[in-house]
Amino acid sequence: MSAITRDEVAHLAKLSRLALTDDELGHFATQLDVIIGSVAKVAEIAAEDVPPSSHALPLTNVFRADEVRQSLTPQQALSGAPAVEDDRFRVPRILGEEA
Amino acid sequence: MSVIAFDKALERFEPVLGLETHVELGTASKMFCGCATGFGAEPNTQVCPTCLAFPGSLPVANEAAIEATIRIGLALNCSIAEWCRFARKNYFYPDMPKNYQISQYDEPLCFDGYLDVEVGGQTYRVEIERVHLEEDTGKSTHVGGATGRIHGADYSIVDYNRAGIPLVEIVTKPITGTGAMAPEVARAYGVELREIMRSLGVSDVRMDQGSMRFDVNVSLNEPGAPWGTRTETKNVNSFRSVERSVRGEIERQAFLLTSGEKIIQETRHFHEDTGTTTSGRSKEEAQDYRYFPDPDLVPIAPDPTWVATLRDTLPELPSVKRKRLQSEWSVSDHDMESMYNAGAIDLVEATIAAGAPAADARKWWMGELARRANESGTALADLPITPGDVARVSELVASGSLNDKLARAALEGILAGEGSADEVIAKRGLQIADEGELLAIIDQVLADNTDAAEKVRSGKVAAVGALVGAVMKASRGKADAGRAREIILEKLS
Ligand SMILES: [Zn+2]
Numbered sequence: 001m002s003a004i005t006r007d008e009v010a011h012l013a014k015l016s017r018l019a020l021t022d023d024e025l026g027h028f029a030t031q032l033d034v035i036i037g038s039v040a041k042v043a044e045i046a047a048e049d050v051p052p053s054s055h056a057l058p059l060t061n062v063f064r065a066d067e068v069r070q071s072l073t074p075q076q077a078l079s080g081a082p083a084v085e086d087d088r089f090r091v092p093r094i095l096g097e098e099a
Numbered sequence: 001m002s003v004i005a006f007d008k009a010l011e012r013f014e015p016v017l018g019l020e021t022h023v024e025l026g027t028a029s030k031m032f033c034g035c036a037t038g039f040g041a042e043p044n045t046q047v048c049p050t051c052l053a054f055p056g057s058l059p060v061a062n063e064a065a066i067e068a069t070i071r072i073g074l075a076l077n078c079s080i081a082e083w084c085r086f087a088r089k090n091y092f093y094p095d096m097p098k099n100y101q102i103s104q105y106d107e108p109l110c111f112d113g114y115l116d117v118e119v120g121g122q123t124y125r126v127e128i129e130r131v132h133l134e135e136d137t138g139k140s141t142h143v144g145g146a147t148g149r150i151h152g153a154d155y156s157i158v159d160y161n162r163a164g165i166p167l168v169e170i171v172t173k174p175i176t177g178t179g180a181m182a183p184e185v186a187r188a189y190g191v192e193l194r195e196i197m198r199s200l201g202v203s204d205v206r207m208d209q210g211s212m213r214f215d216v217n218v219s220l221n222e223p224g225a226p227w228g229t230r231t232e233t234k235n236v237n238s239f240r241s242v243e244r245s246v247r248g249e250i251e252r253q254a255f256l257l258t259s260g261e262k263i264i265q266e267t268r269h270f271h272e273d274t275g276t277t278t279s280g281r282s283k284e285e286a287q288d289y290r291y292f293p294d295p296d297l298v299p300i301a302p303d304p305t306w307v308a309t310l311r312d313t314l315p316e317l318p319s320v321k322r323k324r325l326q327s328e329w330s331v332s333d334h335d336m337e338s339m340y341n342a343g344a345i346d347l348v349e350a351t352i353a354a355g356a357p358a359a360d361a362r363k364w365w366m367g368e369l370a371r372r373a374n375e376s377g378t379a380l381a382d383l384p385i386t387p388g389d390v391a392r393v394s395e396l397v398a399s400g401s402l403n404d405k406l407a408r409a410a411l412e413g414i415l416a417g418e419g420s421a422d423e424v425i426a427k428r429g430l431q432i433a434d435e436g437e438l439l440a441i442i443d444q445v446l447a448d449n450t451d452a453a454e455k456v457r458s459g460k461v462a463a464v465g466a467l468v469g470a471v472m473k474a475s476r477g478k479a480d481a482g483r484a485r486e487i488i489l490e491k492l493s
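If you read the sequences in order, they're chains A and B.
Note that full-length UniProt numbering numbers the first sequence so that position 41 is 41, with each residue one more than the last.
Note that full-length UniProt numbering numbers the second sequence so that position 187 is 187, with each residue one more than the last.
Hints were generated in silico from the structure; no laboratory data involved.
Mixed in with the good hints, there may be bad ones.
Claimed, not checked - Here's a subset of chain B near chain A, in silico, CB distances under 10 Å, partners left out:
1. TYR91
2. TYR289
3. ARG290
4. ALA447
Owing to the predicted nature of the structure, the values given are computational and were not obtained by experimental measurement.
Ideal Cβ placement from N, Cα and C applies to all residues, glycine included.
So here's chain A without its partners, still in its complex pose (with noise of 0.2 Å):
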């Protein structure tokens, strides 16, 4: 039985902004039931003598100096922007959701 369902795939989908058809919910939800699976494996070989590893390089405490470095110029910063009004970005309507 599929641990992940069509549903949990359509919110995922609605979260990520994704499209999906009916089709891709159902092969999705058996593929990332595939990939959680195998996640799984991993954490059963994880013994308790084996700290969790978060990062792929041994570093801690990497800081800069609270330091100004030089900006982009406006017209830098927007020459790959879609559209642009009054030296900011323009964006699509925003719906349904409120900051």
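Starting from the known structure of chain A, fit chain B with the ligand onto it as the hints suggest.
Showing chain B with the ligand alone in chain A's frame:
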């Protein structure tokens, strides 16, 4: 909207509060890049490949922001994590160009602290759940539609100058047992938190510029019953609004509950003009943000000796300082609280440091200057006068060069931008009458007021008041009233 009067609501329900406070840190550069953080810059002039999320850019954490957050945690009696990570909070909203915000999730930098606040002579301990570090978002402007709000807008335009400025979030544990004092406790917590941020020097805490803002959680339950469903009022931007939003939400929820309706868990928006809230979106579940450790950033493991040094070098905290000053100044609890509420303590302290006696410093700030601030609707600290000016005026009164009336005129001139105390005094000719001038005026007044003079001569000393009044009038306020009284009594004895 229907509500139940606050008092009635509190007869039946107990409120549980929770406060989330965002504080923008005053670092020179952003959290993960070197862009400047100044307020009010031209749009998109403080942006770079990192804070615009261009491909290939990588964030590196600002050490000063980490340090400031640890100091805030220590000032709030928190434990400091030995090891913690940044997490990605994923959501689609154009205020962050990355489609996620770098934040902290289950591993905050500081946790399990408290802050004691005093309201009406009683101390309430507000427990702190966590203090974590994240990045601020950009600023959207909604274009089109009638109200400039997001609903009905045709499109939005975004300025990312603010995106990536270090933002500390301070989250309380549920605050219970405040009853009818809930609104005041919420406000007092906010005020005290701002005092702490100021004393630490980690933020300018300008609420009008959004560098300190509150989310206010409220739920109600009947005594003995489990806690009710809470609502969260977002972006409350003044202490007065914190107080009003708690009060308003208690009244609104009490009405729904007594009408047999359910409270919906949702975010609400506070309206400054009416003091009420309206429904926003239903609150998303934390899992919808799909938090996971940010692979672009390595863990933070604060060196214990660093933390110890930060702990040892914390400034005197505001509540401790207030107790010390109260004893040094010999003022009552009530007077101290008045000064605290008026934001006068630092000003009085600086005026004393500039040479004024404590009683005089307090008298000017809490009297004439408080009245002027009140009239012009500004905060005491924002009046265009320095503690040095006030100390100088106080000194001139003490030395007898100014009387109270002339001193008030000098303060008025300073507030009007006419210059320093001495400049105003010179320009306006604010100089107390000298002994010779005074004697001449008194002789004239006695000649003009023979009836009153006779009364005093015959032992009705109370009549001297009218004569002193006449001297003050004749000198156009420049006489020393005490000295005039002495001379008149001498002459008429
Ligand atoms: Zn940047």
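Consistency of the hints with the structure:
1. TYR91: holds, 8 Å
2. TYR289: The hint holds - TYR289/B has a Cβ within 10 Å of chain A, the shortest such distance being about 9 Å.
3. ARG290: holds, 7 Å
4. ALA447: violated, 74 Å
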